[in-house]
Amino acid sequence: MSTAVVMSDQSRMTEVLAEVAIMLLEYGAESRLIEQIPVRIGSALGCDRVDMALIPSAVTLSTRIAGQSATTTRRTRAQSLNMGVVHDILQLCIHLERHPAHIDDIEQQLRTIKPRYYPQWVLVPVIGLACAAFSHLHGADWPGFMIAFLAAAVGMWVRTALAKRRYPALISFAITAFVSTSIASLALLPQLSRTPNLVISASVLLLVPGFPFVNAFLDAFKGYLSMGWGRWLEACLLTLMTSLGIILASRLLNIHVW
Amino acid sequence: MEIGHWHWDQAIIDALLAALPAAGFAMIFNVPRQALKFCALGGALTYSFRAFLMQGFDVSIGLATFVAATLMGILGVFWSRRHWMPRPVYTVPAIIPMIPGTYAYETMITLVSMSEHGASDELVARFLTNGVHTLSILFAITFGLAIPSLHYFRRRHPVI
Chain Z
1 MSTAVVMSDQ
11 SRMTEVLAEV
21 AIMLLEYGAE
31 SRLIEQIPVR
41 IGSALGCDRV
51 DMALIPSAVT
61 LSTRIAGQSA
71 TTTRRTRAQS
81 LNMGVVHDIL
91 QLCIHLERHP
101 AHIDDIEQQL
111 RTIKPRYYPQ
121 WVLVPVIGLA
131 CAAFSHLHGA
141 DWPGFMIAFL
151 AAAVGMWVRT
161 ALAKRRYPAL
171 ISFAITAFVS
181 TSIASLALLP
191 QLSRTPNLVI
201 SASVLLLVPG
211 FPFVNAFLDA
221 FKGYLSMGWG
231 RWLEACLLTL
241 MTSLGIILAS
251 RLLNIHVW
Chain Y
1001 MEIGHWHWDQ
1011 AIIDALLAAL
1021 PAAGFAMIFN
1031 VPRQALKFCA
1041 LGGALTYSFR
1051 AFLMQGFDVS
1061 IGLATFVAAT
1071 LMGILGVFWS
1081 RRHWMPRPVY
1091 TVPAIIPMIP
1101 GTYAYETMIT
1111 LVSMSEHGAS
1121 DELVARFLTN
1131 GVHTLSILFA
1141 ITFGLAIPSL
1151 HYFRRRHPVI
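Taken in order, these protein sequences are the chains called Z and Y. Note that this note's numbering gives residue 118 to position 118 of the first sequence, counting from 1, and the numbers run on in steps of one. Offset between the second sequence (1-based) and this note's numbering: plus 1000.
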C-alpha cells in the first residue's frame, strides 16, 4: 500500500514539473531556463535527479526517486510571449527552494499563475511611438515621425485584434505588414515628408521577431542546438511573411522604396 | 562636449528616443510592470553607448554592438539578482533598439525579388550585404548577452 502512495506522489511530481517546463517553453523562456527550473524544483522536492528532452513542440521529463523512475511527455499549445509568467515561475522556484512545500500546495500555486496582458489601448499608442522613435533615430523628419506613428499604431491595433481572434502569427504578421506599409506610404505624397523611405521602413519594425532571433542564438551558444534551429526557423518565417506583406502593399500601390 | 562626430545634445535626444522602443517591446513581451522602467533605462544606455563608440571613436557597428550588448548582459546579472527576475526580462527589450530589423526585411525582400526577376548582380550583392549585416549584428548582440552566462557555465562545469 505504502509503495502505491509513494508512486502516485512521484507521478504527480513528474506531472507538475512537466507542466512547469511546458509553460516555460510556451511563454518564450530560453532553453537553459526551461531545463534549469524543473531541475531546481525537483531537487527541492527531494528528487534524486530530473532529466529532460526538449524539442520545439514538446517536452519529455523523467524524475528518479529511490531508484524508481517516472516519465511523462507534454505537447505545447500555441501561446504568445509572456515574460510575466516566466517571472512568476522563477519566483515559485526560488520560494520552494527556501520553503519546500507539499505537492498539493505546489499544484495549487502553479494553478494561480496566469498570463497577464497589457491592455490594447496602452499597447497601440506606445508601439506607435516606438516605431516613430525608430524612424527619427534613422534620420526621418518630424512630419515623417507623425506618419510613422500613425502607421505603426494602426498596425499594432490590427495585430492585437487578429491575435485576439486566435489567428496564427504568420498570417497576422503578413496582414499587419500590409496595413502598416500602405498607411506609411502616405509619406510619399508631395510636400509631406522629405524622408519617405525611412518612414516606410520604420513603420513595420513592430513586427521584427526580436525574441525568437535572440533566443535562437542564446540556445545555440549554450548547447541546445535543435531548439536553436527551431527558433531560428520560426524567426525567419515570421520575417519572410512580414516581407511578403510589405511586397504585396508595394506592388498594389506601385511604390519602389525597398 | 564633442568627441569625434558625437555631440552630447543629440546623444540625449537619441537616448530618450531609444528608451521608447525598449519599453514598447517590453510591453509586447508582457514583462512585469515593475521591470518596465529598467527595460527603458537599459535600452537608452545600450543604444547611446553604441552610438558613442561608433560616432566618437569610429568603432565598427559590429564591435560597438558587441561591447554595448556585453555591458547590458553584465548589468542584467545585477538587476536580475536584486529583483529575482529572469535575465531576458531586462536584456532582450534593452537590445531591441539595436536589432537589425530593416536589414533583415531587406534580405528577405531581395530574396523574393530574385525569385521574380532572376538573380541579377545588383540583387545578389544587396542580398549578401544585408544578410551578412543582419547575421553579424545579431551575432554581436547575442554573444554579448551570453557572455555572463557562459562565464557561470564555466565555473559550474569544468570543461575537462
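Everything labelled a hint here was simulated from the structure, so no lab data went into it. Bear in mind that the values here come from a model prediction, so they are computed numbers and not experimental data. Among the clues, some could well be false.
Stated by the list, open to error - Covered, in the sense of this in silico footprint (three residues per stretch, anywhere, with C-beta under 8 Å from a C-beta of chain Y), are these stretches of chain Z:
1. 24 to 34
2. 60 to 72
3. 97 to 111
4. 205 to 215
5. 243 to 251
Built from N, CA and C at the ideal position, the CB exists for glycine as well.
Ascending list of hint numbers which this structure does not respect: The structure conflicts with hints 2 and 3, although it agrees with all the remaining ones.
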